[in-house]
Every structure is written in structure tokens, then in C-alpha cells.
Amino acid sequence: MPGPDRETDLTERIESFLSDLKRGGSGTGPLRGSAETARETTALLRRITAQARWSSAGDLMEIIRKEGRRMIAAQPSETTVGNMIRRVLKIVREEYARSRGSSEETDQQESLHKLLTSGGLSEENFRQHFTALKANVIEAINELLTELEGTTDNIAMQALEHIHSNEVIMTIGRSRTAEAFLKDAARKRKFHVIVAECAPFCQGHEMATSLSKAGIETTVIADAAIFAVMSRVNKVIIGTQTVLANGGLRAVNGTHTLALAAKHHSTPLIVCAPMFKLSPQILSKVNVHCPVFDYVPPELITLFISNIGGHAPSYIYRLMSELYHPEDHEL
Amino acid sequence: MADSGVTDGLCDTDDIERSKTEGKELTKEEKQRLRKEKKHQKKIKEKKDDAASHEDEKKKKKKKEEKPVGAASQPPTQPSQKAPAPAPVPVPASETPALADKPAKSKADLKAERRARQESERASKQGKKGDVGQPVPTSKPKAPPSELQPVVKRLPEHVQVDNPDVLKKLAKKLERQQIPLRSDYGYKVSLFSHLHQYSRKAPLTQQLGIPSTVIHPAIVRLGLQYSQGIVAGSNARSVALLHAFKQVIRDYTTPPNEELSRDLVNKLKPYISFLNQCRPLSASMGNAIKYIKKEISNIPSQCKEEEAKSKLLSCIECYINEKIILAAKAIAKYSIEKISDGDVILVYGCSSLVNHILCEAFEKKRKFRVIVVDSRPRLEGREALRRLVQRGISCTYVLISAVSYILPEVSKVFLGAHALLANGYVMSRVGTSQIALVAKAFNVPVLVCCETYKFCERVQTDSFVSNELDDPDELIVTRKGKTQLEHWQEVPSLGLLNLVYDVTPPDFVDLVITDLGMIPCTSVPVVLRVKNVDQ
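Chains as they are written, first to last, in the numbering used here: chain U, 4 to 334; chain X, 44 to 578.
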């Protein structure tokens, strides 16, 4: 019987994914970078949808939630896992609603306040069975996967709109998104990049070698010199680990100092973050007592560049409501 | 007084002749002959425009080449000049009271005045080439410094590296003094092409065998200690310099037919050039050298050699004692008032003064804990941590990238300074301005501790125009078995920048604690002016 084999195969895969997550924290393990993690998570969720036993949308959501909680527990600092789970849950809800024929547009969140305080019951219990639901969900997840694959390119495509010639741009640590962004602009424009090395892991060194190999004039500076050279910098372009619901950032150590220095010199701070980094967690629930990451408040950020375009930090909560359902904020 | 006048005149001719005979080593006799000729010529010229040139000298007090003027003509005009000078009056106005005293000035006199001024300016421009040292002040009574002296400042060589003429001149001067020229290392970031960048691995002493007749071995050792970073920190460097100079003075013997006051100053010049090549002089060292030169040239010529030497040694001892040791005690006393029980104090890097303050406060049984912030590549905070923990103070250690994470816990920030500039900016180890910025953002008071001998007359608004570039290879590090930047020299578009200093704007600093008391950052020029008057 194919069922038990599929199940054991599925559980095996889930276990191996969990152990990968446990081993690697934020790009150091076999799952390099959050884009990879997001892709792996989504692929795994698709597999769960395809192979697990469920009869109604409610069952599927329960299974996803259960596995999701385990995944998040394996690596709490990797927020993309949770984000992808919430995306898939929203997909399931939408497909269910479409199958039922009702529209979900009435549920749009109007404000950040409603976003935070909504916890109201929905009368749906997702118990109806639809035969086409599985196929629809899998198709939607495939769309999500294609979106994920194109994020870095989409962001990099916008580079020429934001970087002009002979600029001096500062960045910190290593962000694959920011790297792709700068390399894309370097194809057509000549500019200078200053990389802060971001001790103690000194990932800035890797970023600098990679940028200089692409022909960009790069300088590596120590973290202590960020304020000293900031007066000659035209723009600060960084990546981030997570974007929070209020428009703030959870980014690598030293980013807050960089943001303060940029604010002091009135230098625009641009964050290149794909949409899958948006996390509905709000500050009080975010663990800021981890010195590997800094919290950067939204007042210090000028612009977010994501795969769907540029936004101001005050707009982030709106995007949140488009991507996730309020009930899924707490998994 | 006449003696010091003679000394000054001889100093002038010395310099003038040096600039004229670049690259040629003159024998002592030739030098003396040239000197005597120049002196004679000058004396004739002086007798001609004695009275008229007097007013010009008053204005050009800061320049090195002050002409010796007959003392008799000075006293009557001085009181009149002293009166307007303290009040900030524009120069023409100060001239008018003086002129009013001599109502019988005719057009011919004014013309002579103008001619004398031009000639003295020309002579002073010729004689300006050469030294790093500041003008030797004479012992004649000075009018209080008027703030509006036309200050013709000569740009120091070490910020003109991108100017090939300046480099050539430096090379010639060093050749004359028989000191090797240190060559720059590595690709320099274009923003800093006007500064030197040396490699630690190629100290100056490797390039040439330096005979001890040219440079005293104590100085060679000192230079090596500077360039390798064994002696670091502005107080330590100044004290080491003064001790080395004491050794030089002890071993010094006046050659026949020479005066100690003149010859010793000349002997010190190549030493200073050598030390400058090993590592650019700090502001505190510059002030110490100014003081020593002044003391040496103030030695009367009839003083016996032994007496003179012991006098100089005691002067240096006194300087170290007053300006550094006692100043530290005074600053500690003021600072301890600012430390209360239960404080969490943040310090950055290793400042000898701040460490002293914290140890004193701990002795006085204040209860506080310290957070030491450190930064790559120097990692000086580890030394501070070691010293504080040895005394029993409880410490935390973080890197500078975590400063915005721990700052909410901090109640005060104590920073040391390398120099305090005349526009109120604080020049200190790179990263200090960052700490001050973040502290300001979190509303934590920032206190800078600095002795007055580190006050400097320079002004600077950013960290680019004058700085020090350290060895770029120090940024290279191995993480997880990979050294990313190992071959950075081979990649043409990659540069490493290892800055040593940065400037903190005065609005980030809440208080400066000096041995004269607690002052705001903007009062530094006032202190400088008071110091100049005292001297």
C-alpha cells in the first residue's frame, strides 16, 4: 500500500529538514541564506500537502500548523520558515474560500491597530470537503515557489533606479540581496562601495571580495570607522534578516549604529528585502535580547526595496495583510 | 636679553642657509662662515629699519624668524599696544593707538615701514622651510596675544602626501639628516591619498644601518617601539619621548665653539624627523617637544654645561610630573564626584587616564560596574579589561557593533581623548564618535577626560583631512578556516582602510574633565588662550 510508504518517506524528509535547520543558523548551515530556507520550506509544505492524509482544509491546516511549530522550534531565529508556513496557510484558506464561492475581500485589515488586536473568531471551521482543493493548493504553492525563485532578480532589476554614477554607497556584513542589487547596478554605472566588516564573524570580507571581483571599487573598513566615513557616503544600502510588522528591522549586529550614523548625516537608508522576510511579529514578541541581531526602528529607514517595488516603512503593515491572514499570526 | 636675541638671529641664518644649500653637506666651518656673514648683513639692515620694523614684529609674533630688535625702542610703545590688544579689536584699530603715540610720522616713515615689512616677510618665507617644530618664543616681553594675528600656517608634510614637491623636499631633508625615508605600502583608498600608509612589517630600522653618531640609540629604540605599536597611547608615547630625550641630554656634550642652547636644539631636529617617520607625532608629543625646545633655547649662554644639563633634566621631570601625573590626579578627583553608587559606566578602548580614574574611584569604595567596548583590529579593550579586572572591578566586554544593544543599561560614558581641537572637536581613537553618537541617541551622558597638555590649536571638522592610516593588512582575519582578504593586493578594485583616529563633534559631548576643571567642549580655545598668555 502506497500510503504508509509515502508517510514514512514524508516523515523522513521532515526530520532531515528539521535537523538541517537545527544545525544551521542564519546561513551558516547547509541551508545557506534565507532564500534557500524559504524555498526548502515551501517545497516541503507542498510535499506535505501532496502526501499527507487529510480530508478537509481544516485537517490540512492542522497538519501544517503542527509541522510548522516543530520547524520553528528547531531554529527560532530563522523567521522565514514561519513566514512561509503562514503564506501557505493563507493559500489554503483562499483556495477553500474560492471553492466555497465566497470572497475573502471583506476581511482586509484597515489599520495596524486592527492587525494587532484582531483575534476574533471566524465562523469557518473548514470542514467541507472539496475534491479539487488539493490540486488547487498545490498549484498555488507552485506559484509561490516561482515567486520565491525570482525575488532576488526582481529586486536587482530596480537597482538602476536608485544608484547613479560616482556614488559612494555603504553596506554592512553580507547580504545576498544587497550584493545582487549592487552588482546589477555596476553593469551600467561606476560607483564606489564601502563595506563595514561586521565583527566578529567578519562576513563583510566575503562581500567585499565578491563585489571587487565584479569590478566594483570596494573598500573594507572596521566597524569602528562607520561614523568616521559616513560623511562621504551618499547612500546606505543593506539587507536584513527580518522585516517586522511596524516597519522596523531585525538585522545583523551593528546595523542600528549604521542607521543612527546615516540619520545624523541625513543619508538615505535603503533596505533590500524580499517579501518572504516580512514577519507579522511585533516588537514585544520579538526576542531582542540576542546580540547577534539588532533592532532598527522604522524612523531610521528611508525605503524598502522588495521584489514588488519600493515602499516606505509606514506601508509595511498593509503588505502584511495581503500576505498573511491575521489568525495565522500565532501559529 | 641680548643673548637670546643673538640666539634667535643665529637660528634664522641657520635655516636660511639650510634651505639654500639643499642636499649639500657643508662642513662645520663653512656653515659658521655663512652664518657670520648673514648675521652681519642682517645687523646692517636692522639698524636701518629699527623703529619702523618694530610694529611689524609685534604682529608676527607667532613666526619663527623674529628679528632681534633693540630693546630700547620697545618699552615706550609696548604699554600702548598692550591696552588695545586684550580686547578683540581689529588690527588696524590697534595700529592707530600706536600711531597716535607718534604723531610726527611722516610719509617717508610709513614707506620705510612698508618696505621693512615686505623684506621681513620675504626673509621669513625663505627661512620657513625645514622644521616641524613650533616657533621658538623669545624672552623679550610680549604683548598679550591678539586673536587677530594673521596666522600664516605652514601645512604639515604628513597631510600632503599627494603633492610630489612636498615629498621631494622631505626626501632631501631626510637625506641631509641621514635618516631613511619610509615608503608607503599598499593600495590607498582615494579619499586618503593625501596621507601616508605604512606597513608594520617594514620598520624603518631595517632599511639602513643607522650609525649612532647620527641618531642616539635610545631614540632608535623609541622609534621602533612606536612603529611596532609596543608603546601606544598618547600619554605613554609622550612620557617615553621625554625619557628618551632625558637620556639624550645626559649623553650630550657640547662640541667646542658651540653653544649648548643652539646646538642641542639642532641635534634634536633629526631625531624628531626620525620619530616622525616611524610614526606620525601626536598632538601631545608635539606640545612636549615645543616645551623642550623652548626650555633649551632659554638657557643662558654663560651657564656651565653640567648646570645646564641638570636644569634641563629637572625641567623635563617637572613637565612630566605636572602635566601628566598630577593632572591625572586632579582629573580623577573631579571625575569621582561624577561617579555615583550603582552606576554602569561604559568605556571604549584603552585610555590610561580613564583606567586611572576608574581604579581611583574603586579605591574610594564607589560601587559601579564597567562595560568595556572594543573594536577590531586593534582590540585595545582587552588591555583595559585586564587592568580593571586585576583591581577587582566587575566588567563586561562587548564589541562595538553591540553597543546599541547594551547602551540602554548604561548610565554614563567615559571617553579618553588623543587631542582636543580648537573648534571643540575631540580627536580620539576611531570608534569614539560612534559611541558618542549612539549614547546621544539613548540620552546617556558622555564625559571626555583630557589633560590640558593635549589641547591643540588645529581645527578640523571631519576625519579625512588629517588622520593616520595604519597597516591595512591588520584587517585581514581568518574565520572558519578561510581568509577572505588574503590576496587583497591582487584584486585591483579592492582596498582596505585602517583608520586610527576620528573626530567627535562637540554636540555629542556633554562635559570635558580637565585638570583645570570641568568645562564644556566649546571652551577649549579659551583654555588655549589662557595657556598662551601664561607662557
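Hint data in this document are derived by calculation from the structure and do not stem from the laboratory. On a predicted model such as this, the values are computed, not experimentally measured, just so you know. Incorrect hints may have been included.
[Said to hold, decoys possible] Calculated cross-link-like contacts (lysine-lysine; reagent style DSSO-like; alpha-carbon spacing at most 30 Å): (1) U:LYS193 to X:LYS231; (2) X:LYS289 to X:LYS310; (3) U:LYS186 to U:LYS216; (4) X:LYS410 to X:LYS372; (5) X:LYS347 to X:LYS376; (6) X:LYS310 to U:LYS238; (7) X:LYS376 to U:LYS216; (8) U:LYS266 to X:LYS376; (9) U:LYS193 to U:LYS216; (10) U:LYS191 to U:LYS137; (11) X:LYS455 to U:LYS186; (12) X:LYS211 to X:LYS231; (13) U:LYS216 to X:LYS523; (14) U:LYS266 to X:LYS455; (15) X:LYS231 to U:LYS191; (16) X:LYS372 to U:LYS186.
Results for each hint:
no.	hint	result
1	U:LYS193 to X:LYS231	19 Å, holds
2	X:LYS289 to X:LYS310	13 Å, holds
3	U:LYS186 to U:LYS216	10 Å, holds
4	X:LYS410 to X:LYS372	20 Å, holds
5	X:LYS347 to X:LYS376	42 Å, violated
6	X:LYS310 to U:LYS238	52 Å, violated
7	X:LYS376 to U:LYS216	55 Å, violated
8	U:LYS266 to X:LYS376	37 Å, violated
9	U:LYS193 to U:LYS216	14 Å, holds
10	U:LYS191 to U:LYS137	46 Å, violated
11	X:LYS455 to U:LYS186	43 Å, violated
12	X:LYS211 to X:LYS231	20 Å, holds
13	U:LYS216 to X:LYS523	21 Å, holds
14	U:LYS266 to X:LYS455	23 Å, holds
15	X:LYS231 to U:LYS191	25 Å, holds
16	X:LYS372 to U:LYS186	56 Å, violated
This entry does not satisfy hints 5, 6, 7, 8, 10, 11 and 16, going by the numbered hints stated previously.
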